[in-house]
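Given chain R, put chain X in place with the hints provided.
Top to bottom, those sequences are chains R and X. Each residue of the first sequence is one higher than the last, beginning at 435 in my numbering. Each residue of the second sequence is one higher than the last, beginning at 406 in my numbering.
Note that these hints are calculated values from the structure, not bench results. Hints may be right or wrong, so weigh each one.
[Claimed, not checked] Calculated cross-link-like contacts (lysine-lysine; reagent style DSS-like; alpha-carbon spacing at most 30 Å):
1. R/Lys556 - X/Lys522
2. X/Lys508 - R/Lys556
3. R/Lys479 - X/Lys580
4. R/Lys572 - X/Lys450
5. R/Lys551 - X/Lys529
6. X/Lys522 - R/Lys481
7. R/Lys479 - X/Lys583
8. R/Lys479 - X/Lys529
9. X/Lys410 - R/Lys554
10. X/Lys410 - X/Lys450
Source: prediction; values computed, not measured.
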Amino acid sequence: EKMPAYKVYYFNARGRAEPTRLLLAAAGVPFEDVRFEVEKWPEYKPKMPMGQAPVLEVDGTMICQSAAMARFVARETGRAGKTNLELAKADMIVDGVADLMNAMANYHYYEPDEARKAEKKKTFFETTLPQFLGHFEKLLVANNGGDGFFAGDGLTHAETFFLCLYESISKENPNVLNAFPKLTALVERIRTYPGIKEWLAKRPQTEF
Amino acid sequence: MPSYKLTYFNVRGRAELIRLLFATGGIPYEDVRIGRDKWPELKPKTPMGQIPILEVDGQVYCQSMAIARFVAREAGLLGESSSDQARADMLLDGGAEVGELLKEVVLEKDASKRAEKKKEFSEKSLPHFLTLYEGFANDSGHFVGESLTWADISFFNMMDFLTAEFPSALEGYDKLNKIIENVKSNPGIAKWLKERPVTDH
Chain R
435 EKMPAYKVYY FNARGRAEPT RLLLAAAGVP FEDVRFEVEK WPEYKPKMPM
485 GQAPVLEVDG TMICQSAAMA RFVARETGRA GKTNLELAKA DMIVDGVADL
535 MNAMANYHYY EPDEARKAEK KKTFFETTLP QFLGHFEKLL VANNGGDGFF
585 AGDGLTHAET FFLCLYESIS KENPNVLNAF PKLTALVERI RTYPGIKEWL
635 AKRPQTEF
Chain X
406 MPSYKLTYFN VRGRAELIRL LFATGGIPYE DVRIGRDKWP ELKPKTPMGQ
456 IPILEVDGQV YCQSMAIARF VAREAGLLGE SSSDQARADM LLDGGAEVGE
506 LLKEVVLEKD ASKRAEKKKE FSEKSLPHFL TLYEGFANDS GHFVGESLTW
556 ADISFFNMMD FLTAEFPSAL EGYDKLNKII ENVKSNPGIA KWLKERPVTD
606 H
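Chain R with its partners taken away, still in its complex shape (with noise of 0.2 Å):
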């Protein structure tokens, strides 16, 4: 049976297309990974379903939706829960993730006001994050101990999202794992998870 093809585009950046480049990774699949420059993106814009990116694009059909885009990839490639209800768990933490990166991309680049965008900075990194955190700390011990992963007993979307807010909020803040056990050894254990491991040590390295 042929592998389909695979193909993301995005800008040159992690952003909202890596969770699903480390999930086709995971998988030892082959993908096509289109970065394209913001001057460029004029010319794929009307391309795009929804006129945004990134986009997966699987033998010709075009999925956008950062959360759509990688769900299917789990799935496709066995990493989205083997029930229903695993499915559910790793869908809460990915939404609970995609709900702090919302609120980091809002006072980054939508809080005109610099004055604002300090004090909602502030509000995150010292009430929101660690709240949410100690939330994910939690669930993520409510599964089998905390020594594995969020949902059953493998990887999910569910890491490969928490991977990419840990990128970004530690590079604010480096100790930002440091009162949650579980989840600073569940990043190692995504680090080195095979396939993600090589693409980490091989893909481009970009601010965002």
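Just chain X now, kept in the frame of chain R:
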């Protein structure tokens, strides 16, 4: 059959899609609605300090979309193939983005700012979204394949909120109107729409 208990405030809000999906699937569940005064004591018992939550045989799940997807699958409304399911996911996520923009309009307290945001939304974001989604809909009035999926139901739910602010929003969008009709005429949904508590949002 597992026991399902949904907990939220007595509003449609982020729980209504879930309720609609249970209704479509004819799946019995406990529709718990709590007063705001009860929320502080429940909050620490929830996975992420938020509601809605769904308890399935005692296990607690949060995040409205994760819960909705779970119920959609149990009700056979997810989409058939993996790429159908991805299509439904992406349409839902795109709809949620517009839902957030609508919220910004509705929640704006300053009257003149609100009027400005409302104008911008109705002149730009809304037509852009509806035109795009008219293109995603097929002639039979479905977003995915030829049968009802949660993508259709989610769109109906969003339009329910949207038409409260913009009553004539769907005028001229033939395929989208067909989607609304298909959803409303589903027996489980028709029954729910008649019986559900009437709330202002």
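Cross-check of the supplied hints:
1. R/Lys556 - X/Lys522: holds (27 Å)
2. X/Lys508 - R/Lys556: holds (25 Å)
3. R/Lys479 - X/Lys580: Distance of about 24 Å is within 30 Å: holds.
4. R/Lys572 - X/Lys450: Given pair R/Lys572, X/Lys450 holds - Cα atoms ~12 Å apart, limit 30 Å.
5. R/Lys551 - X/Lys529: Since the Cα atoms of R/Lys551 and X/Lys529 sit roughly 26 Å apart, the hinted pair holds (cutoff 30 Å).
6. X/Lys522 - R/Lys481: holds (29 Å)
7. R/Lys479 - X/Lys583: Roughly 29 Å between the alpha carbons, so the hint for R/Lys479 and X/Lys583 holds.
8. R/Lys479 - X/Lys529: OK: R/Lys479 and X/Lys529 at ~17 Å, within 30 Å.
9. X/Lys410 - R/Lys554: Given pair X/Lys410, R/Lys554 is violated - Cα atoms ~35 Å apart, limit 30 Å.
10. X/Lys410 - X/Lys450: Given pair X/Lys410, X/Lys450 holds - Cα atoms ~15 Å apart, limit 30 Å.
Of the numbered hints given earlier, the model fails hint 9 alone.
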